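K.L.:
Anchor point for the sequence shown: position 150 equals 150 in this note's numbering, and the numbering is continuous, going up by one each time.
Hints in this document: simulated from the structure, not taken from any laboratory.
Because the structure is a prediction, the values reported are computed rather than measured.
One or more hints might be untrue.
[Claimed, not checked] Ranges of calculated distance between the beta carbons of each label pair, as one might list FRET restraints:
(1) E171 <-> R249: 19 to 27 Å
(2) M104 <-> W241: 15 to 23 Å
(3) R71 <-> R249: 46 to 54 Å
(4) L252 <-> F99: 13 to 21 Å
For every residue, glycine included, the Cβ atom is placed at its ideal position computed from N, Cα and C.
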Amino acid sequence: MTGSLPLLGRTAVVTGAARGIGRAVAHLLAARGARVALLGLEPGELESAAADVPGPARAWPLDVTDEAAQRRTADEVTEQFGPASVVVANAGIASVGPFGESSMATWRRIVEVNLVGSALTARAFLPQLLTTRGYYLQVSSLAAIGAAPLMSAYCASKSGVEAFTHSLRAEVAHRGVAVGVAYLSWTDTEMIRDARYDAPLRELRALMPWPASRTYPAEDTAERLVRGIERRAPAVYVQPWLRGAQAVRTLLPGVVAWRARHAMGALERRDGIAGDGAR
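Let the hints inform the model, and build the full structure from the sequences given.
P.N.:
Below, the structure written as structure tokens:
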């Protein structure tokens, strides 16, 4: 089902809503008239975010990888606000470092939060979306279009959620549910600001040509995501140049490998990079 989605009086669910993009998206959805359920892992920050929302809102602290908590929260959202018409799977984490030296516990956790957590979110709220003929937006990344060195778990998870989104769309379109995937580049969030002090991440970004090396404002990113929600868009390219990257994505692995070949060796010799860098 395509067409527009008026948000006035609708129920919207946003994961990873305590900070950054999720918080900004929740605020904009409420400003357009939605009742907003904010889901996230940090109770204090989440309550603060809910208090800042200009309309009916409530915080539901949870770990997106907890299936029982997801089901329970979905039931509570329905009881308080009615069934969800919009679900934004935004929760995600990242770490930077060479695969061979990184903690596999950290690697696994990234995949569990970013990929499994998104699937559990979709599973918990899908019955509501079927009722409302709603819209599910999965936040992916430039990392799904062109994988980068030093971020194997993040790239794998974001490629995974992209494929999951395409599969889910094909399963539920005939029942009136629209499913979209959002692609975005580096966004000015606390995670990215904190990572400025991480040498491997700085070097990784130095490998990237402009505009892929730029950092973009979270508020602009959120506005474009919400416009995509209103359009029930199958794909949301937050930065317009990402659409071009999508068109040539089959060429990107070779380009990345070529640029990284000498830079990675120099980085290892100079800085002795190790795993578990940026959060």
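K.L.:
What are the numbers of the hints the structure violates, in ascending order?
P.N.:
2 and 3
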